[in-house]
Amino acid sequence: MGALLFTPETAGIAIPFAVVILLSMAVDLFPEWKQAGGPIEPQRFGILSIISRGNDLYLGNADGIFRSMDDGRSWKSVAAGLWNCSFRNFALIGNTIYAAMSCGLYAVEIENGEWRTIDEPDPVASYSRQVFSAGNDLFFAANRGVFRSGDRGGTWSPSNSGLDDSSFIRKIIPYTGDRVLAHSSYRLYLSADRGASWNEQNPPATGQALLNMVTTMGDMIVAATEAGLFTTTDPAAGWMDITPHADDTVISCVDIHGSAIIAVASPAFSPRVSLGTVVQKCYLSKDYGNSWETVHQAEVNPSGRYLTIIYLKDSTVLAGATGSGGVLRSTDLGATWDNADSGIVISSIKSCAVIDNTVFAGSWSGLYFSFDNGSSWQKAADTLLKNSGILSIMKLGPAVFAGAYRSLFSTSDIGGSWHSIAIPTDDASNSPGASCFTIADTTILLGMDNGQMYTSIDRGTSWHELATIPGNTGQGITRKIVSMVIDDTVLLAATASMGIFRSIDNGVSWQPANYGLANLYIGALLLVESGLITGTQQGAFLSTDKGLRWRAINAGLPPDLKITALAARGSSVFAATKRYSTDTAVGSIYRFEADSQWSDISGNLSPQTVTSIAFSDSLVFVGTDRRGVYYQPLSEVASIDSPRKRVYCTESRFRLGCIFNRGILTTTVTAWKTSTLSLSLYSLSGKKVASIFNGTMNRGTRCFHSGTGSLSPGIYLMSLKGDNVDEVIKVRLDR
Numbered sequence: 001m002g003a004l005l006f007t008p009e010t011a012g013i014a015i016p017f018a019v020v021i022l023l024s025m026a027v028d029l030f031p032e033w034k035q036a037g038g039p040i041e042p043q044r045f046g047i048l049s050i051i052s053r054g055n056d057l058y059l060g061n062a063d064g065i066f067r068s069m070d071d072g073r074s075w076k077s078v079a080a081g082l083w084n085c086s087f088r089n090f091a092l093i094g095n096t097i098y099a100a101m102s103c104g105l106y107a108v109e110i111e112n113g114e115w116r117t118i119d120e121p122d123p124v125a126s127y128s129r130q131v132f133s134a135g136n137d138l139f140f141a142a143n144r145g146v147f148r149s150g151d152r153g154g155t156w157s158p159s160n161s162g163l164d165d166s167s168f169i170r171k172i173i174p175y176t177g178d179r180v181l182a183h184s185s186y187r188l189y190l191s192a193d194r195g196a197s198w199n200e201q202n203p204p205a206t207g208q209a210l211l212n213m214v215t216t217m218g219d220m221i222v223a224a225t226e227a228g229l230f231t232t233t234d235p236a237a238g239w240m241d242i243t244p245h246a247d248d249t250v251i252s253c254v255d256i257h258g259s260a261i262i263a264v265a266s267p268a269f270s271p272r273v274s275l276g277t278v279v280q281k282c283y284l285s286k287d288y289g290n291s292w293e294t295v296h297q298a299e300v301n302p303s304g305r306y307l308t309i310i311y312l313k314d315s316t317v318l319a320g321a322t323g324s325g326g327v328l329r330s331t332d333l334g335a336t337w338d339n340a341d342s343g344i345v346i347s348s349i350k351s352c353a354v355i356d357n358t359v360f361a362g363s364w365s366g367l368y369f370s371f372d373n374g375s376s377w378q379k380a381a382d383t384l385l386k387n388s389g390i391l392s393i394m395k396l397g398p399a400v401f402a403g404a405y406r407s408l409f410s411t412s413d414i415g416g417s418w419h420s421i422a423i424p425t426d427d428a429s430n431s432p433g434a435s436c437f438t439i440a441d442t443t444i445l446l447g448m449d450n451g452q453m454y455t456s457i458d459r460g461t462s463w464h465e466l467a468t469i470p471g472n473t474g475q476g477i478t479r480k481i482v483s484m485v486i487d488d489t490v491l492l493a494a495t496a497s498m499g500i501f502r503s504i505d506n507g508v509s510w511q512p513a514n515y516g517l518a519n520l521y522i523g524a525l526l527l528v529e530s531g532l533i534t535g536t537q538q539g540a541f542l543s544t545d546k547g548l549r550w551r552a553i554n555a556g557l558p559p560d561l562k563i564t565a566l567a568a569r570g571s572s573v574f575a576a577t578k579r580y581s582t583d584t585a586v587g588s589i590y591r592f593e594a595d596s597q598w599s600d601i602s603g604n605l606s607p608q609t610v611t612s613i614a615f616s617d618s619l620v621f622v623g624t625d626r627r628g629v630y631y632q633p634l635s636e637v638a639s640i641d642s643p644r645k646r647v648y649c650t651e652s653r654f655r656l657g658c659i660f661n662r663g664i665l666t667t668t669v670t671a672w673k674t675s676t677l678s679l680s681l682y683s684l685s686g687k688k689v690a691s692i693f694n695g696t697m698n699r700g701t702r703c704f705h706s707g708t709g710s711l712s713p714g715i716y717l718m719s720l721k722g723d724n725v726d727e728v729i730k731v732r733l734d735r
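If you read the sequence shown in the numbering used here, its first letter stands for residue 1, the second for the next number, and so on.
It should be emphasised that the hints constitute simulated quantities derived from the structure, not laboratory data. Keep in mind that this is a model prediction, so the values were computed, not measured. Among the hints, a few may not be true.
Said to hold, decoys possible - No farther apart than 25 Å at their CA atoms in a straight line, the calculated lysine to any residue pairs in the SDA-like style are these: (1) K687 to A107; (2) K721 to S635; (3) K171 to D119; (4) K673 to G695; (5) K171 to D314; (6) K171 to G258; (7) K721 to D617; (8) K76 to N95; (9) K281 to A237; (10) K395 to T442; (11) K721 to R702; (12) K171 to K281; (13) K546 to I439.
When you get a sec, could you build the whole thing from the sequences and use the hints?
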């Protein structure tokens, strides 16, 4: 549901800001959205992959990609810019990390931090995509086979020669020299020519023993199988059984560092033991597998904390688990273990609001709040809110109200106790659910998912039933109320798939109010100074006569976008949008100005699914699906009423000019007083490509000379920011 977040408390607040100008046209430099520190959900998701680069660790799970710069103690999401889809696995070449996702192949340069797409060799049916690295070669394995790239994903060639089950390759790893190992569930292959051709090797164990994991150290190969742990330096010569214990032969994962080997022996789950618990053990050898000691054991069941990933470096061990497991960490080779989940799982936000300088975020697991603009979060501890799915948050007098499906809560003590408000149908198991609520002055409006509506003027103590939204429902058609507003004496209700309805008799009767709407699937309805704006599955529409007529305001919006949330601040209207691509929902944020057009302000946030938008005095917050809360200075993205007067160069305070000649860009800055300034060059997409000056400049004129050999020809933006100046001019770079 798109929550209505524009409340009387936030209307018409004017704050200072700076307007960016490009040759008399407004330009967005797409300033980076910053991720708030959570909120962190209590549950954890299964860990799929862990890799290291120097002192940095990268971890992937079904919910995202995370980086640790403190040896695994804490983690931070680095998935901004990725499509909102599931992670599969990692590969690493030099400074570039490659990530296989359920919806594509991506890469990021570590110092840059911006993910980019990599063309797949066979994207049509690559539903089982995985990516691996061996030396400077990149391998792509999917249901259509294995491919190799010697230029980091620029071009691909088939690498299936000799692979009898190429569509089932589970891992490809470097061995020695140009040799590369690959394994499927039951077969091991060796390539002596970087993957051009493969030869099947003797299996580690006799019979059809599942090959879970293979790793190498120098010329030593270690294989974890369902029949035990085996090692060799020459698969053709045979394998040595180094299984830690005769009773624990199912080895699920293994890692080696120096002479140390760490292996996880897992229970062989079957229908006979699936209802009970068995013991999973972690074994450590410090002498290449000649002797072993138990360093961790725990009772698990098939859906519990079940270790599937093990990482070893020096004396640090990280163990990734399935289910609700998360990460275990040991810094003494397994003698002691601690949870290392800090920052890994960030909430899937359903609603976001700012009330009295407190930031609220609602998720399926409850309500979170922050007193420091999202730097730290607390969870409303009251058990009433646990796993309630908070869909909207608003204020009425001194109380905060939180709406959930079939529930409505209120409190006068955010961190203390909450009161459950009895809504008209919350006691019947088959009754309709409360799909949304809104507050207008002292009235609470409650909308149900069957088209019923109720009002309360005593904060939910008693309710008055309004007429039900009329019309026939059928397959895919519902009266579900998604948003309600009061415009003077007119009450309007937006439905999920029957359009907008209008009442001029306080809800006694309803009439359709869809004249001019191209689509009746409504995502949000918003009251602004100029009238009403609604978001549909085919863009935005404006009504200036209280819903009688609508006209499209879609200039700048791509076609077939579903608007899921609307919010306004000053003269700026913000829309959270969603579009479906392959198996994912792709979202962006757009801003609209009166008598103008929509502009994409997603920047590095796109293409995540944005669920909600809220404002503080100086920041704009957005809630995202599976990535928590992001924020940005409001001055970067909104036009606020009554801004402070700008100082333009025509007022003889600053002057900015650029000349490009023979590969040298000369930028001239004139200041009429000593000022702190920063001078930077941006691409048209808003990416900073050069930082030219950052410091104090004395009164006068100064020239800056910059080489541009690494930049492609084209149009760039030169930005001057500092004391009372925020100027941008176009620069054309030629060869």
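Okay, the hints, checked on the actual structure:
1. Under the criterion of a C-alpha separation no larger than 25 Å, the hint pairing K687 with A107 is consistent with the structure, at around 17 Å.
2. Straight-line distance between C-alpha atoms of K721 and S635 comes to about 13 Å, which keeps the hinted pair within the 25 Å bound.
3. For the given pair, K171 sits about 20 Å from D119 by alpha-carbon distance, which is consistent with the 25 Å threshold.
4. A distance of roughly 14 Å separates the Cα atoms of K673 and G695; the hinted pair therefore holds under the 25 Å criterion.
5. Our distance criterion of 25 Å between C-alpha atoms is met by K171 and D314, whose separation comes to about 24 Å.
6. Distance check on the hinted pair: K171 and G258 sit about 22 Å apart at the alpha-carbon level, within 25 Å; holds.
7. Restraint check for K721 and D617: satisfied, since their Cα atoms lie roughly 22 Å apart, inside the 25 Å limit.
8. Taking the CA atoms of K76 and N95, the gap is about 19 Å. The hint holds against a cut of 25 Å.
9. Among the hinted pairs, K281 with A237 is inconsistent with the structure: their alpha-carbon atoms are about 30 Å apart, more than 25 Å.
10. For the proposed pair K395 and T442, the alpha carbon gap of about 10 Å is at most 25 Å, so the pair holds.
11. A hinted pair counts as satisfied when its Cα atoms are at most 25 Å apart, and K721 with R702 qualifies at roughly 15 Å.
12. Restraint check: the Cα-Cα separation between K171 and K281 comes to about 24 Å, which is no more than 25 Å; the hinted pair holds.
13. The straight-line distance between the Cα atoms of K546 and I439 is roughly 18 Å, inside the 25 Å bound, and the hint therefore holds.
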